[in-house]
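Top to bottom, those sequences are chains A and B. Position 14 of the first sequence, counting from 1, maps to 14 under the numbering used here, and the rest follow consecutively. Position in the second sequence (first residue = 1) + 1000 = the numbering used here.
Certain hints may be false.
[Said to hold, decoys possible] What follows is a list of derived Cβ distance ranges for each label pair:
| id | chain 1 | residue 1 | chain 2 | residue 2 | range |
| --- | --- | --- | --- | --- | --- |
| 1 | A | V3 | B | F1094 | 51 to 57 Å |
| 2 | B | T1209 | A | G134 | 17 to 23 Å |
| 3 | B | V1035 | A | G141 | 40 to 46 Å |
| 4 | A | M98 | B | V1246 | 31 to 37 Å |
| 5 | A | E225 | B | F1134 | 54 to 60 Å |
| 6 | B | Q1091 | A | R253 | 31 to 37 Å |
Rather than coming from a laboratory, the hints here were simulated on the basis of the structure. Positions of the beta carbon are idealized from the N, C-alpha and C atoms, including for glycine.
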Amino acid sequence: MNVSDSLAVARGVAWRQLHNAVLNPTIFFPSLAFPLLNFAAFAGGLSRVSEVPGFNFAGSYTAFQFVFVLLQSAAFSGVFSGFGVARDFETGFTRRLMLTAPNRSGIVLGYAIASACRWLITAAVITAVAFAVGMQVGGDGVDLFGLYALALLVNFAGTLWSTGVAMRIRSQQAGPVMQMPVFLILFFAPVYVPLDLLQGWIHAVASVNPLTPVMEAARGLVSGEPTKTLVAFGTGVALVLAFSSWAIRGLRRAEAVGG
Amino acid sequence: MTVVSSGLAVQVGYLARRSVIRTLRQPAAVFFPLVFPVLLLAVNSGGLKAETNLPGFPTDSFLAFALAVPFIQGGLFATGNAGIDVAKDIQTGFLNRLALTPMRGVALLLGELGGVMGLALIQAIFYLVIGLVFGVRLESGIAGGLVMIALAAVIALGFAAFGAYAALRTGSTEAVNGIFPVFFVFLFISSMNIPRNLMGTDWFRWCATANPVSYLIEGMRSLIITGWDGQALGLAFGIGIGVIVVGFALAAAALPERMART
């Protein structure tokens, strides 16, 4: 086993996944449509929420919601990639892949690379739409680089989580198991208003949600008033490491049962 | 032999029974339409509670304001479930075998939607109970609760007919799954999260006003937070029945091609 074997496998898997996703509208469309739909519904429909007393955010409500939608698209690109992994198990492709791959860890890496490339396309479209509808950005180039880097970490975490699930269940019926926890962790963060304006149980849950500092930091970066940036990157890296272990252990389990 | 010899009601009965049993045998088809809308309700009623501080907001309980939404979401799930059930019957050849019998097209449509309608009624009662347990009081009283369930059934039947139409046109579960999210556009671009008069973005308010789903939500919502509002209820039932008529007309037009008796 060496690094070049792993990279060769990763490159092949990534190319195939990306090719399948981008050229098949029924696969690619939902991962693009849902964030745009949420962006329209939240930034357009709820813009007056920013007039609620105590809503302290330096930028516009469009920018406030853009951050949520960007992180959501990153996480769900990962989940949709997990659907592809499950499909590969059902069709027997993964079994054949495991027989031929000199380094199977490259399979997980390939899925992660494909998911990241796929999300970058989605992120570019969402960003273009946000600017087209007049989003103002207070942060500079470095802040925006930080924003997309944070979102990329969320994408890797989402991909590795769903890949780990797909490797264990090896069926497309695993879809809800991949999707539901990601949905919950996203919506149990401060989606519509800052954390201080949440009340009751949702405030308690959001306060311990690991995605909350990531969302707050990302909003700080887009508004040009960075906050909790180090905590957010630390959380993002920790999530990626934890779910890398989850995905690799899933791969070992799939190997043990013969793919 | 009863199926081939007796009337429409018996034909519908047989297919509806099959449809109900098939739905109940798929835990995922029952569980997610029940749980997902409630989860979204919980999240939104917590996250958007601050919205009730906006001047002119019609109630101080966001849960009461948002309780109408799961009923519509339940209807949207009916679209997907009905479409997938019909598409599966096309893919497995069941529809072709039915075409060999004297089964009438209208019996097929009504029967196929039996399971979806059964589930829609369970969903409506479940959402209503959840709302009441968490402190929502219906301004229209017990009778209003019954009207809400009736309206939910009308909405589900209309959306399910569209799901069946999509399946009859495409004959593919994958295609139906792909079309299903399109229906969610109507839900998102509506007054689901904020009253239309409080929308701050003009284009969104125009879209929400032109969107029939807004009136379905507002009719349902009126029974919860207003009481008996004849205009809101008339619009909701009128649009719901209109959706049923159009959905069934489209499905009925697509059916002969699928059931061509050669």
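Evaluation of the provided hints:
no.: 1; hint: A:V3 / B:F1094: 51 to 57 Å; in the structure: holds (53 Å)
no.: 2; hint: B:T1209 / A:G134: 17 to 23 Å; in the structure: holds (22 Å)
no.: 3; hint: B:V1035 / A:G141: 40 to 46 Å; in the structure: holds (43 Å)
no.: 4; hint: A:M98 / B:V1246: 31 to 37 Å; in the structure: violated (50 Å)
no.: 5; hint: A:E225 / B:F1134: 54 to 60 Å; in the structure: violated (37 Å)
no.: 6; hint: B:Q1091 / A:R253: 31 to 37 Å; in the structure: holds (32 Å)
Hints 4 and 5 from the earlier list are contradicted by this structure; the remaining hints agree with it.
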